[in-house]
Amino acid sequence: MNFQRRSFLKLLPALPGLSFLQKPEPDSTPAKISMRFIVASDGHYGQPDTDFKTFHSDLISWVNREKLQKGVDFLFFNGDLIHDDPTLLYDFKNTISNLSVPFYVSRGNHDKVGLDVWQSTWGYPTNHSFAKGEYAFVIGDTSNEKGEYVCPDATWLKNEIAKYSEKKGIFVFLHITPAKWTVNGIDCKEVIELFEKTPNVKAIFNGHDHDQDSTKIYGKKPYFFDGHFGGNWGTTYKGYRIVEIYEDHTWQSYQYNPTAAPVLNTFSGKS
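So this note's numbering is basically just the index in the sequence shown, starting at one, shifted up by 533.
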């Protein structure tokens, strides 16, 4: 039987061994993760009538597991490392020495230690910043030795942000949120307006409000909350927030409950 040319070409895709003649599918390979970090807040080491040692051993186990399974570049403790007693700071530092990842800290209102003690313990002041690759991380102090709620130093923030103007993105950490959209937030209008008008400020991370694990938006900037991993009140689970930055400069953040494994409140952004 003789086939017409047109009829034969219609049969080609169905013939075995001729799949190379089909039009290739577009490349759908997802972008690779270039940086991955965790934000955890409010461990309240030493708080009376809480199982604070278990809370911390659990977090260390979870983070070390994340490191093995998916990779973690660093962990950020966003305030309230301890509960009021300054002498607890050494015990807290000793406890987290079992982490298998680098870590950074911010001062919360329950971290009632002086600036000199903070500097000697961590090797950097309560206001500090650092860069990793194409991204910068800025940490502002929102309290003092008395444990008062304080707006971060807007002048310092402005200067630090200017230092990183060429970076693809800046991520900011403040223990207390600078807006009165939670019960325990404070109104820091100059600070949130600074973030809003700075294009490469990509996100602000807040602790303090143990019952908050969602994302709030001011203008175009996302403010992330991560619940708590210690203390005696807050969300019904203890967890942390994940941030993943990809090679194509997109990024996402989500809240994670490590005991039940659900991913919560995912937010996707661009650098």
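One thing to keep in mind: the hints can contain errors.
Derived pair list, reagent style SDA-like, types lysine to any residue, alpha-carbon separation capped at 20 angstroms [unchecked claim]: (1) Lys586 x Thr628; (2) Lys679 x Gly702; (3) Lys565 x Gly702; (4) Lys700 x Thr799; (5) Lys754 x Thr792; (6) Lys600 x Thr628; (7) Lys722 x Tyr751; (8) Lys701 x Lys730; (9) Lys749 x Trp714; (10) Lys691 x Trp714; (11) Lys691 x Ser653; (12) Lys696 x Tyr657; (13) Lys722 x Gly752; (14) Lys803 x Thr628; (15) Lys722 x Pro732; (16) Lys603 x Pro732; (17) Lys626 x Trp655; (18) Lys565 x Ser801; (19) Lys665 x Ile694; (20) Lys701 x Lys754; (21) Lys586 x Tyr623; (22) Lys754 x Thr799; (23) Lys696 x Lys730; (24) Lys749 x Lys700; (25) Lys691 x Glu723; (26) Lys701 x Phe800.
The set of hints was computed from the structure by calculation and includes no laboratory data.
The structure displayed is predicted, hence computed values, not measured ones.
For each hint, the structure was consulted:
1. Lys586 x Thr628: holds (9 angstroms)
2. Lys679 x Gly702: At roughly 33 angstroms apart (the allowed maximum being 20 angstroms), Gly702 and Lys679 break the hint.
3. Lys565 x Gly702: Satisfied, since the Cα-Cα distance of roughly 17 angstroms is no more than 20 angstroms.
4. Lys700 x Thr799: Not satisfied, since the Cα-Cα distance of roughly 24 angstroms exceeds 20 angstroms.
5. Lys754 x Thr792: violated (30 angstroms)
6. Lys600 x Thr628: Given pair Lys600, Thr628 holds - Cα atoms ~18 angstroms apart, limit 20 angstroms.
7. Lys722 x Tyr751: Cα-Cα ~11 angstroms, so holds.
8. Lys701 x Lys730: holds (15 angstroms)
9. Lys749 x Trp714: holds (9 angstroms)
10. Lys691 x Trp714: Between Lys691 and Trp714 the Cα gap is close to 23 angstroms, so the pair fails against 20 angstroms, i.e. violated.
11. Lys691 x Ser653: violated (26 angstroms)
12. Lys696 x Tyr657: Answer holds: Lys696 to Tyr657 is near 17 angstroms, not above 20 angstroms.
13. Lys722 x Gly752: Roughly 12 angstroms separates the two Cα atoms, so the pair holds.
14. Lys803 x Thr628: Judged against 20 angstroms, a Cα distance of about 36 angstroms means the pair is violated.
15. Lys722 x Pro732: holds (17 angstroms)
16. Lys603 x Pro732: violated (30 angstroms)
17. Lys626 x Trp655: holds (9 angstroms)
18. Lys565 x Ser801: Given that 20 angstroms is the threshold and the Cα spacing comes to 15 angstroms, the pair holds.
19. Lys665 x Ile694: OK: Lys665 and Ile694 at ~14 angstroms, within 20 angstroms.
20. Lys701 x Lys754: holds (15 angstroms)
21. Lys586 x Tyr623: Holds, at about 14 angstroms.
22. Lys754 x Thr799: holds (15 angstroms)
23. Lys696 x Lys730: holds (15 angstroms)
24. Lys749 x Lys700: violated (24 angstroms)
25. Lys691 x Glu723: holds (10 angstroms)
26. Lys701 x Phe800: Roughly 18 angstroms separates the two Cα atoms, so the pair holds.
Violated hints, in rising order: 2, 4, 5, 10, 11, 14, 16, 24; the structure is consistent with all others.
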